[in-house]
Amino acid sequence: MPKAGSGLSLDGLGMPLWLVVELTYKCPLKCPWCSNPVDFNRYRNELTTEEWKAVLREGRRLGSLQLGFTGGEPMLRRDLEELVEEADGLGYYTNLITSGVGLNEKRLRALKKAGLKQIQLSIQACDQELNEKLVGLDVFAHKIAIARTIKAEGFPMVLNVPVSRYNIDHTAAFIELAADLGVEYVEFANLQYYNWALLNRAELLPTREQLARSEAEVKAARERLGKRLTIYYVVPDYHDNRPKACMNGWGSIHLTIAPDGTALPCQEARLIKEIEFPNVRHHALDWIWTRSPAFNQFRGESWMKEPCRSCSEKEKDFGGCRCQAYLMTGDAANTDPVCAKSPHRHLVDALISGAETRRDQKPLIMREGGYPRRTGAR
Amino acid sequence: MEAERRLRPEDVVELNPNYHFRWEEPQQAHVLLYPEGIVKLNQTAAAILEACTGAPSIADGTAELSRRYDKRNLGAEVLKFLEVAHAKGWIRVKS
Numbered sequence: 001m002p003k004a005g006s007g008l009s010l011d012g013l014g015m016p017l018w019l020v021v022e023l024t025y026k027c028p029l030k031c032p033w034c035s036n037p038v039d040f041n042r043y044r045n046e047l048t049t050e051e052w053k054a055v056l057r058e059g060r061r062l063g064s065l066q067l068g069f070t071g072g073e074p075m076l077r078r079d080l081e082e083l084v085e086e087a088d089g090l091g092y093y094t095n096l097i098t099s100g101v102g103l104n105e106k107r108l109r110a111l112k113k114a115g116l117k118q119i120q121l122s123i124q125a126c127d128q129e130l131n132e133k134l135v136g137l138d139v140f141a142h143k144i145a146i147a148r149t150i151k152a153e154g155f156p157m158v159l160n161v162p163v164s165r166y167n168i169d170h171t172a173a174f175i176e177l178a179a180d181l182g183v184e185y186v187e188f189a190n191l192q193y194y195n196w197a198l199l200n201r202a203e204l205l206p207t208r209e210q211l212a213r214s215e216a217e218v219k220a221a222r223e224r225l226g227k228r229l230t231i232y233y234v235v236p237d238y239h240d241n242r243p244k245a246c247m248n249g250w251g252s253i254h255l256t257i258a259p260d261g262t263a264l265p266c267q268e269a270r271l272i273k274e275i276e277f278p279n280v281r282h283h284a285l286d287w288i289w290t291r292s293p294a295f296n297q298f299r300g301e302s303w304m305k306e307p308c309r310s311c312s313e314k315e316k317d318f319g320g321c322r323c324q325a326y327l328m329t330g331d332a333a334n335t336d337p338v339c340a341k342s343p344h345r346h347l348v349d350a351l352i353s354g355a356e357t358r359r360d361q362k363p364l365i366m367r368e369g370g371y372p373r374r375t376g377a378r
Numbered sequence: 001m002e003a004e005r006r007l008r009p010e011d012v013v014e015l016n017p018n019y020h021f022r023w024e025e026p027q028q029a030h031v032l033l034y035p036e037g038i039v040k041l042n043q044t045a046a047a048i049l050e051a052c053t054g055a056p057s058i059a060d061g062t063a064e065l066s067r068r069y070d071k072r073n074l075g076a077e078v079l080k081f082l083e084v085a086h087a088k089g090w091i092r093v094k095s
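Going down the list, the sequences are from chains A and B. Sequential numbering from 1 applies to the first sequence in the numbering used here. Sequential numbering from 1 applies to the second sequence in the numbering used here.
Honestly, the hints are just simulated from the structure, not real lab data. It is possible that some hints are incorrect.
Unchecked claim - With the C-beta cut set under 8 Å, the calculated list includes, among others, these residues of chain B facing chain A:
no.: 1; residue: 20
no.: 2; residue: 24
no.: 3; residue: 35
no.: 4; residue: 36
no.: 5; residue: 38
no.: 6; residue: 89
Computed from a predicted structure; not experimentally measured. Even glycine gets a Cβ: it sits at the ideal position worked out from N, Cα and C.
Please work from the sequences and hints to get the whole structure.
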C-alpha cells in the first residue's frame, strides 16, 4: 500500500499509477485497527475472476503500473494465482499484501511462477503471546516460518509492522527480527485512525515519549545497518503540525477497487457517506477515473476552503486527508485538522494529550462480523 | 552507514535484482519499479543505466555512450549519476 515515505512525490501525468485491488473483505484475523469498513460484513458480492481481470486490463490501459493485491486476506481467493498471472502478462509490478495466513510453500511457488514480484507480510509483535492478543489468533509461529519460506523462494519482502502503543516499545526487537529474517525492507506504519482503528483509537494511540524512543531506535538502526535493511517509517500524522500529502492528492495517482467493485480514491474513502462512489460493474474504469463526480470532487484545488485556499503549501500537502477532515470536522472539504493552521487543530491536540494522561485500559474491540463489541483482550 | 568506497571506471555494475527497469509507453519514459515504489527516469539517467549495467565495466559503458551521443569526456558525469544510483540502491557492484 502506498504511503508517505515510499517515494510518492510523483507526477503521474493524470494516470492512476497505483492500483490497489481489495479482493475480499474476509480475513481470519481480528486486528482491531483493520482498515476495512466496520460494516465489512454487509459487502458480500465479491467480483468474480473475470470481473477482476477486466479491472486489471482497464487499469493498465489507464496507465497503472504498481498493483497491490490486498483484502481482507487476499490468500482466501483461490483465483489469486490466476489474477497475478493475468496482471504480470499485462505488465504490472505485482505486490501481494498479506497476513501470511493461507500462504504455504506450494502456493508461494505457484505465485512465483505466475510472476508475483514482491510480498508484504504483516507482523504485529515479536512474540507469540502479544501477537495472539493483537490479532485474536495463534499465528505467530506460522508467520515466522512463512517469512523464511518467502525469502527461500527468492521474493523481495517488506515486513510491515502496524504500530500502536501495544508494540511500539519493541521497535528495536522488530528490527532485529527483520535483519534475522533477511528481509530487504521493514516498514513501521504508525496506525492511521479510520474504521476499526478509529473505534480503538484511545487504546492504540502511543504517547509522545514512546514515539520519540521508537524514532531514536530507528535512527540508530539505520546508521548501523545501512543498505542491509531499508527502514520505512510512516510518521504518526497526529503528532506532526502539517498534514500528510494524503494519496498525493485525491484522484491523482491512486485508485482502489473494493471487493464489491466500488472504485475509491483511497482504501478508506467509502467512510465518507455523502459521496456516491461508482462501481466497475456499472461503469467503465476510464469514465470512473476521468469523469465520475466522486473522483473529481476533491481533485486539484478549486474545492479548497480557507485556510487551504490561500496557503503557500497547498501544492505540497493538498490540504491533507479528506477522510480525516470528514471524520473530525464533519465536512470532507475542510482542512485536515492535523494542520496547525486548521481551526480544528485543538481536536487533535486533545487526542494526543488524552494518550498522555490515559489511566485505565479498556479491552480492544476486535474486528469481527456483526456489530462491533468490546470482546478483546486487555 | 557502512563505509563504502566510491565507484571507479573499472567497476562492473549491475541492476539490483529487486528492481525492474523498463520503457513505459504511457509515461513516454523509462521507469524503475520496485517494492512499493516507482521512479521515473529522465533520458540521460535512463541512457546511463542502460549502457552501464550489463557492460563489462563502467568505462566500457561510458565509451558506448560517447559513441552513441558523439560526446567526449562523459566519464565524470556518468560516475556522478551512478554514485547517486548506487546510494539509492538501484545498482550494485558486481564482485
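Comparing the hints with the structure gives:
1. Interface hint at residue 20 of chain B: satisfied, since its Cβ lies 6 Å from the closest Cβ of chain A, which is below the 8 Å cut-off.
2. Using the Cβ-Cβ criterion of 8 Å, the hint placing residue 24 of chain B at the interface with chain A is satisfied: the shortest such distance is roughly 7 Å.
3. A cut of 8 Å between beta carbons decides the hint on residue 35 of chain B: the least distance to chain A is about 4 Å, and the hint holds.
4. The criterion of a C-beta within 8 Å of any C-beta in chain A is met by residue 36 of chain B, whose closest approach is roughly 5 Å, and the hint holds.
5. Evaluation of the residue 38 of chain B hint against chain A yields a held restraint, the C-beta minimum of about 6 Å falling below 8 Å.
6. This hint holds: residue 89 of chain B has a C-beta 6 Å from the nearest C-beta of chain A, less than the 8 Å allowed.
Violated hints are absent here; each numbered hint is respected by the structure.
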